[in-house]
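Participant: Listed here are the chains, written in short residue letters.
Number of protein chains: 2
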Amino acid sequence: MMNLANLRIVLVGTTHPGNIGASARAMKNMGLERLVLVAPSCFPHADATARASGADDILANARVVARLDDALMGCGLVFGASARRRTLPWPEVDPHQCALRAVSASAHGEVALVFGRERAGLTNEELDRCHFLVHIPANPHYRSLNLAAAVQVLAYEVRMAAREEPAGAIPPWTSAQAPADEMERLYRHLEEVLVETGFLDPDNPRFLMRRLRRLFNRARPDCQEVNILRGILAAIQGRKQSKQSR
Amino acid sequence: MMNLANLRIVLVGTTHPGNIGASARAMKNMGLERLVLVAPSCFPHADATARASGADDILANARVVARLDDALMGCGLVFGASARRRTLPWPEVDPHQCALRAVSASAHGEVALVFGRERAGLTNEELDRCHFLVHIPANPHYRSLNLAAAVQVLAYEVRMAAREEPAGAIPPWTSAQAPADEMERLYRHLEEVLVETGFLDPDNPRFLMRRLRRLFNRARPDCQEVNILRGILAAIQGRKQSKQSR
Numbered sequence: 001m002m003n004l005a006n007l008r009i010v011l012v013g014t015t016h017p018g019n020i021g022a023s024a025r026a027m028k029n030m031g032l033e034r035l036v037l038v039a040p041s042c043f044p045h046a047d048a049t050a051r052a053s054g055a056d057d058i059l060a061n062a063r064v065v066a067r068l069d070d071a072l073m074g075c076g077l078v079f080g081a082s083a084r085r086r087t088l089p090w091p092e093v094d095p096h097q098c099a100l101r102a103v104s105a106s107a108h109g110e111v112a113l114v115f116g117r118e119r120a121g122l123t124n125e126e127l128d129r130c131h132f133l134v135h136i137p138a139n140p141h142y143r144s145l146n147l148a149a150a151v152q153v154l155a156y157e158v159r160m161a162a163r164e165e166p167a168g169a170i171p172p173w174t175s176a177q178a179p180a181d182e183m184e185r186l187y188r189h190l191e192e193v194l195v196e197t198g199f200l201d202p203d204n205p206r207f208l209m210r211r212l213r214r215l216f217n218r219a220r221p222d223c224q225e226v227n228i229l230r231g232i233l234a235a236i237q238g239r240k241q242s243k244q245s246r
Numbered sequence: 001m002m003n004l005a006n007l008r009i010v011l012v013g014t015t016h017p018g019n020i021g022a023s024a025r026a027m028k029n030m031g032l033e034r035l036v037l038v039a040p041s042c043f044p045h046a047d048a049t050a051r052a053s054g055a056d057d058i059l060a061n062a063r064v065v066a067r068l069d070d071a072l073m074g075c076g077l078v079f080g081a082s083a084r085r086r087t088l089p090w091p092e093v094d095p096h097q098c099a100l101r102a103v104s105a106s107a108h109g110e111v112a113l114v115f116g117r118e119r120a121g122l123t124n125e126e127l128d129r130c131h132f133l134v135h136i137p138a139n140p141h142y143r144s145l146n147l148a149a150a151v152q153v154l155a156y157e158v159r160m161a162a163r164e165e166p167a168g169a170i171p172p173w174t175s176a177q178a179p180a181d182e183m184e185r186l187y188r189h190l191e192e193v194l195v196e197t198g199f200l201d202p203d204n205p206r207f208l209m210r211r212l213r214r215l216f217n218r219a220r221p222d223c224q225e226v227n228i229l230r231g232i233l234a235a236i237q238g239r240k241q242s243k244q245s246r
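Chains as they are written, first to last, in the working numbering: chain A, 1 to 246; chain B, 1 to 246.
Treat each hint with caution, since some may be false.
To be verified - Now the stretches of chain B that chain A is said to cover, found in silico as 3 or more residues with beta-carbon under 8 Å:
(1) 23 to 33
(2) 104 to 112
Unchecked claim - Output of the computed footprint for chain A on chain B, the stretches with three or more beta carbons under 8 Å from beta carbons of chain A:
(3) 74 to 81
(4) 115 to 125
(5) 149 to 162
(6) 211 to 219
What the hints assert, rightly or not - Not everything, but these chain B residues come out facing chain A in the computed CB check (under 10 Å):
(7) P137
(8) A176
(9) E184
(10) Y187
(11) L190
(12) L194
(13) G198
(14) I228
(15) L229
(16) I232
If you are wondering where the hints come from, they were derived from the structure by calculation, not from laboratory data.
By construction, the Cβ of each residue, glycine as well, lies at the ideal position given by its N, Cα and C atoms.
Using the sequences and the hints given, assemble the complete structure.
Facilitator: Shown next as structure tokens:
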């Protein structure tokens with residue numbers, strides 16, 4: 001059994017505290033311990049504790065944060081549970097593929113599995129933070145899984161994937177994958193440069209930044225690569241870069 | 001998607017009607033429709049209906065019977081969900097193997113997946129009715145899955161097994177992957193810009209271009225993305241780009 005301590009479950013904007021409790025129970029059953037709650041409607045709450053049914057330690061240790069970006073600090077790989085998205089196709093995996101990748105990556109760094117609101121799911125902006133969308137196959141006439149049921153399915157696949165070393169694991173990278181917060185700084189810097197050069201019209205941004213996010217998220221840059229990219233951006237802005245940083 | 005009409009879920013001696021409702025929802029989400037209840041403590045019940053959340057048709061069509069044997073009538077293959085049994089080793093499968101066998105057998109005959117009581121599970125006598133025990137891998141220090149969560153895991157694996165498309169298909173991409181020659185033009189353009197901005201010293205290029213190639217090759221940009229990147233490079237060089245190209 002591999003160590004799952006680097007794997008966090010992030011619940012965004014959960015409305016019903018009972019679902020938080022049931023998710024905690026599903027996590028603990030499968031050996032996951034780190035729960036992060038982004039702006040839950042009511043927590044702590046008696047319903048959460050009741051449904052946790054013995055997994056109250058997960059609730060007691062849960063981190064509550066205001067924004068998704070706070071929840072993703074330090075994460076090099078982020079999966080977002082989602083129904084299919086229409087506007088812009090995004091790399092998509094099924095729960096099994098998600099778990100194989102998540103477990104394999106968690107040997108080297110922090111990984112997050114993100115679940116959205118009971119009714120509305122994750123916003124497009126939140127999905128843009130994810131490297132992959134996870135789509136749980138479902139009845140096309142009745143798609144909406146209960147939140148804790150979705151957590152259960154992914155946590156189960158994670159446990160299955162962690163039972164033994166998965167074959168074909170990703171080779172260890174020279175440098176650690178850049179965490180989410182560093183990627184956000186990169187995207188802000190990139191956007192700034194694109195506006196300065198006139199390529200991005202802030203009044204009519206269209207899908208440009210989202211397309212670029214999708215592109216770089218696929219590549220999953222490591223810290224050194226992000227440093228190079230930011231060095232390039234700074235050079236474009238005319239700031240002299242020390243060549244050592246390359 | 002294969003037909004799952006020959007597959008029934010059997011819940012034995014369920015104590016909490018809420019779990020019956022949540023199980024019905026999990027079933028319907030995964031495309032399973034036939035629910036049989038063996039001597040439930042209270043059914044129908046408002047808690048069952050509330051937790052079914054739109055899967056009330058499954059509840060309305062549920063058969064209620066007095067004994068497990070009645071529930072298994074006509075079934076050629078029976079799986080019983082169970083923690084490991086001690087007294088007598090029994091053929092055991094994991095949820096994935098269970099689903100593969102269940103779906104394959106359901107093409108020719110009736111199959112049942114049986115779940116026991118919330119606290120006590122299935123009795124040995126009931127387990128004797130099963131061809132295979134299904135063991136859901138769990139944290140050895142916290143094994144007891146919620147009943148509906150166990151139904152969700154097996155129903156999910158059944159749906160995965162019934163998919164006709166093989167797993168691992170790449171989502172349809174908006175535009176074709178850029179061919180090698182187009183990528184070469186991108187890299188030459190990028191190199192030009194890096195030299196112009198002073199970030200790349202042609203007399204001492206080091207690994208910069210190879211690092212950038214490795215990064216973009218991982219992302220495998222499509223033609224549209226390469227157009228965007230080249231548009232950005234042109235904008236940096238001060239050539240005005242038509243905004244249509246985005």
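Participant: None of the hints should be skipped; say for each whether it holds.
Facilitator: Each hint tested on the structure:
| no. | hint | result |
| --- | --- | --- |
| 1 | 23 to 33 | holds (count 6) |
| 2 | 104 to 112 | violated (count 0) |
| 3 | 74 to 81 | violated (count 0) |
| 4 | 115 to 125 | violated (count 0) |
| 5 | 149 to 162 | holds (count 6) |
| 6 | 211 to 219 | holds (count 6) |
| 7 | P137 | holds (5 Å) |
| 8 | A176 | violated (13 Å) |
| 9 | E184 | violated (18 Å) |
| 10 | Y187 | violated (14 Å) |
| 11 | L190 | holds (9 Å) |
| 12 | L194 | holds (7 Å) |
| 13 | G198 | holds (6 Å) |
| 14 | I228 | holds (6 Å) |
| 15 | L229 | holds (8 Å) |
| 16 | I232 | holds (5 Å) |
Hint check: violations occur at hints 2, 3, 4, 8, 9 and 10; the rest are consistent with the structure.
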